[in-house]
Amino acid sequence: MNNSRRRFLQIAGVSALGLGAKPVLDAFAAGGGEGPGFHVARGEDALDAKQWAMVIDTRQLQSSADLEPIVEACHKVHNVPTTIVNKNHEIKWIWEAHYHNAFTDKTNPFLNESVEHRPFLLLCNHCENPPCVRACPTKATFKRERDGIVLMDFHRCIGCRFCMAACPFGARSFNFRDPRPFIQETNKQFPTRAKGVVEKCNFCAERLAVGKMPACVEASNGAIAFGDLYDEHSEVRELLKENYTIRRKQTLGTEPAVYYIV
Amino acid sequence: MLELAVKGNKWYWGWMVVLLGVIGAGFGLYLMQLKFGLGITGMSRDVSWGFYIANFTYLVGVAAGGVMVVLPFYLHDYKAYGKITILGEFLAIAAIVMCLLFILVDLGVPTRALNVLLYPTLNSVLFYDAIVLNGYLFLNLVIGWNVLEAERNGVHYQSWLKPLIYISIPWAVSIHTVTAYLYCGLPGRHFWLTAVLAPRFLASAFAAGPALLILLCLFIRRFTNFDPGRQQIQTLAKTVAYAICINVFFFLCEIFVAFYSQIPGHMDHIKYLFVGLHGHGVLVPWMWASMILMTVGIVLTVTPATRKNETSLAIACIVIIMGTWIDKGLGMISGGFVPNPMHEVNEYIPTLPEIGITLGVYAMGALVLTVLYKMAVGVKEEVHG
Chain A
1 MNNSRRRFLQ IAGVSALGLG AKPVLDAFAA GGGEGPGFHV ARGEDALDAK QWAMVIDTRQ
61 LQSSADLEPI VEACHKVHNV PTTIVNKNHE IKWIWEAHYH NAFTDKTNPF LNESVEHRPF
121 LLLCNHCENP PCVRACPTKA TFKRERDGIV LMDFHRCIGC RFCMAACPFG ARSFNFRDPR
181 PFIQETNKQF PTRAKGVVEK CNFCAERLAV GKMPACVEAS NGAIAFGDLY DEHSEVRELL
241 KENYTIRRKQ TLGTEPAVYY IV
Chain B
1 MLELAVKGNK WYWGWMVVLL GVIGAGFGLY LMQLKFGLGI TGMSRDVSWG FYIANFTYLV
61 GVAAGGVMVV LPFYLHDYKA YGKITILGEF LAIAAIVMCL LFILVDLGVP TRALNVLLYP
121 TLNSVLFYDA IVLNGYLFLN LVIGWNVLEA ERNGVHYQSW LKPLIYISIP WAVSIHTVTA
181 YLYCGLPGRH FWLTAVLAPR FLASAFAAGP ALLILLCLFI RRFTNFDPGR QQIQTLAKTV
241 AYAICINVFF FLCEIFVAFY SQIPGHMDHI KYLFVGLHGH GVLVPWMWAS MILMTVGIVL
301 TVTPATRKNE TSLAIACIVI IMGTWIDKGL GMISGGFVPN PMHEVNEYIP TLPEIGITLG
361 VYAMGALVLT VLYKMAVGVK EEVHG
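Going down the list, the sequences are from chains A and B.
For what it's worth, our numbering labels the leading residue of the first sequence as 1, then goes sequentially.
For what it's worth, our numbering labels the leading residue of the second sequence as 1, then goes sequentially.
Careful, some of the hints might be misleading.
[Unchecked claim] DSS-like, lysine-lysine: derived pairs with alpha carbons at most 27 Å apart: (1) A:K139 x A:K50; (2) B:K271 x A:K249; (3) A:K106 x B:K271; (4) A:K106 x A:K139; (5) B:K35 x A:K139; (6) B:K308 x B:K83; (7) A:K87 x A:K50; (8) A:K188 x B:K35.
Since the hints were made in silico from the structure, they are not lab data.
Okay, chain B solo, but in the shape it has when bound:
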């Protein structure tokens, strides 16, 4: 099916060239980082994880979000989603590719990455994270590819795929749960030390993933001969509406626990994020922006009129993606490290090379997604066109 991805108009190739350019620039900056060390980033002794791990965490959510089309189709026999499950699975593949790249660029000694498998350490959550992420990538590749090929050939997909499909559903939940466990099992990091972290991660994932999927569906309808379908988009929109509400609800639960108990260790991180601490507060405007964006997203997706109007729905999806990205990407990681274990405030701001490498990884993901979607849409056009 790959041949479908090497046929395209000038816009397609133009887009690919742009992506390759960004990837090239990011790779150049990465070579700089390899030479100098992670010192070219804004990370420090106190904030020892930054932009890379933040984006990694966010994209694990996007990958897990794909299950929101797979589950209704295969478990509830919601037939309408049959048309777009492949889009959810291929989005997951692109997201996981980015996750793995973000982990790789974050390593101090990337040449030793395979030590995780050579010296498997069963008490480390990172070991399990490596297993579930690679497993999820593998599952989606096998399932997505074979189901699409079967559709192209006009036959039912192979029966041995069925158990893999069923496994992939709880597996999607596991990738984000394990990723949350990276953080919430650490003593002395009060911001993360909460049982609601994994559910909160999942809620934000099931808002952000489907929101991105809606935007991609709208794009595909506009620029190709394949229509993912109005009903499909509307059902996804309801998923987004519920998930973003639950995400904000979980956040408010955190606020209640911290500020009603008034335990300083729990309040300090939230204070740092929303009002600043000891005169430091680079993230304050960002966090409020995130809250406003998510609130606007709730209003637009919960109100039937704005949800049903695809223009306002698209706006809702954009603000939800931005809001959850700031919440989980910028706030969640920095917020956990500031103040540090000695209650000192040392802030983190990503550097330009760091942002460049990040953009390079995103471009790589976009490239993978473009190729996969080109194939999927090509098959859909052949079959339905």
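Just chain A, with the same shape it has in the complex:
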């Protein structure tokens, strides 16, 4: 009796292990596999690109007053909580920084004065080789193959924050508390987030899907261009041809898709 009960428990234990291992084995068998965003619905007017990229003409954005409407447009349309007082819990998708914070590897002791005092917009670089995607243990953050946007599935994220450690640009925020009381005006067209998940700029994937340019681009009065990096006739490629541009920490090999004209 005693012996058979022990035997039963042993078999039950091994079976439970086997069940637990099944999805793992499936994944090994299936190989790569697409991220969850592969099935995102697209409108008829959806805009397409091989790799979306952004060129920010910082010459046209000389003061904080120039950046404010851009930041506000983004945060408003994406339900980013803007009234959190505790700096530790801050959420930001696009924000303002000094030159020496934005380009830590390109700071000269004696710098062009206008550049030194100019504010710079920072946001997710939607890297072509994103370390955050490599780090995520659940594919909650993934690079959409269709257009190169680094996206997030807020429903899959377990909140381990490995992506935040992996991002060399400080582009990611974590919901240390319920963000909803701190959203001034909720945009019903876009989801709010729950506490415990990471979020960041999504290059306005939801707007591109219905034929609209990103909110920051629209609010920038032409200072920010957006287009396909691999279409040589795109607006961004024209700008890259005509102007000398820099990117943040390009020596790390992540290949940021946000370019700055200085």
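Following the hints, position chain B against chain A.
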């Protein structure tokens, strides 16, 4: 064998009640954290991993350290360790239980923890970490339990255990290597971006793990009828001596590379830890304390007289545990996040609820360890007594 753990004197039960109290308090605080979010901790947008992950990292080391008794016994046939391999294996189990709990309390959405297995992601180091940690727990449970039961019954352990035992040795190395890979493969975090991180983690693990084991052996000898043995303790002490020397050596290698190359990105984190950066330096006294503690530990374990004297050896073990804990627990994680990728300095200090939850996890580990050691010592008393 569990019945051995439900028989004990009033001290045993008193200790268990104390542990249950701490676990209860920690659990209460954890419920608070579940309700409010990780905002009740001192973590921030810039320092996005804190006390939980630091202690997790340290305890992976303690778990891996158990292999320092398993390896000499099974690979080198160092018979003296036969008496205490079970203590190393059971210490590893308790440490891994704490590791898994620290990961769980650190998750923003713990109810989704199983997504790691539901959507296995082969390019994520965290996936492999989950595999190796659970695997190591499983190996030690199976090996420890069966070998102890065989000893109790006066028979040789089952032959199918042998391959598992051999696998468990490189597996112990793998758990700390993979844990180091969580950090050292991240671009833009210069403090961690070093090939010596995994070896350094292992060195500190092989100092801290056996040091804790020595203290536990001394405790067991004093308060039970089982003597783990003077020879065993002395051999462990030599392991600790070598490992703590290598740990400090690796650290000095880091210092050389950063300050001879003079690359700011490499120097800044070390400067922040040891002299402060832009007027911020909460960890400065801690880091110097860690260096002093580890140096004292080296002197006491390398000098034959102080190593052979069990009182000074116990002191050496305590300072080494403290020194490596500050080095790896406090400094390693915060140091990597400060300054942040924009070279801004935002410091991290754990909050009281965070420390309370941490203590709760440690109490849970102590409870598991107490039950396992009660069984192991009970069997040893039966067999040798």
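Verification of the supplied hints:
1. Simply put, K139 (chain A) and K50 (chain A) have alpha-carbon atoms about 21 Å apart, close enough for the 27 Å limit, and the pair holds.
2. Using a Cα cut-off of 27 Å, the hinted pair K271 (chain B) and K249 (chain A) holds, with the two alpha carbons roughly 22 Å apart.
3. Between K106 (chain A) and K271 (chain B) the alpha-carbon distance is near 21 Å, which keeps this suggested pair within the 27 Å criterion.
4. Distance check on the hinted pair: K106 (chain A) and K139 (chain A) sit about 33 Å apart at the alpha-carbon level, beyond 27 Å; violated.
5. Pair hint K35 (chain B) plus K139 (chain A) holds up; C-alpha atoms about 26 Å apart against a cutoff of 27 Å.
6. For the given pair, K308 (chain B) sits about 20 Å from K83 (chain B) by alpha-carbon distance, which is consistent with the 27 Å threshold.
7. Distance hint between K87 (chain A) and K50 (chain A) is unfulfilled; the C-alpha atoms sit about 37 Å from each other, more than 27 Å.
8. For the given pair, K188 (chain A) sits about 25 Å from K35 (chain B) by alpha-carbon distance, which is consistent with the 27 Å threshold.
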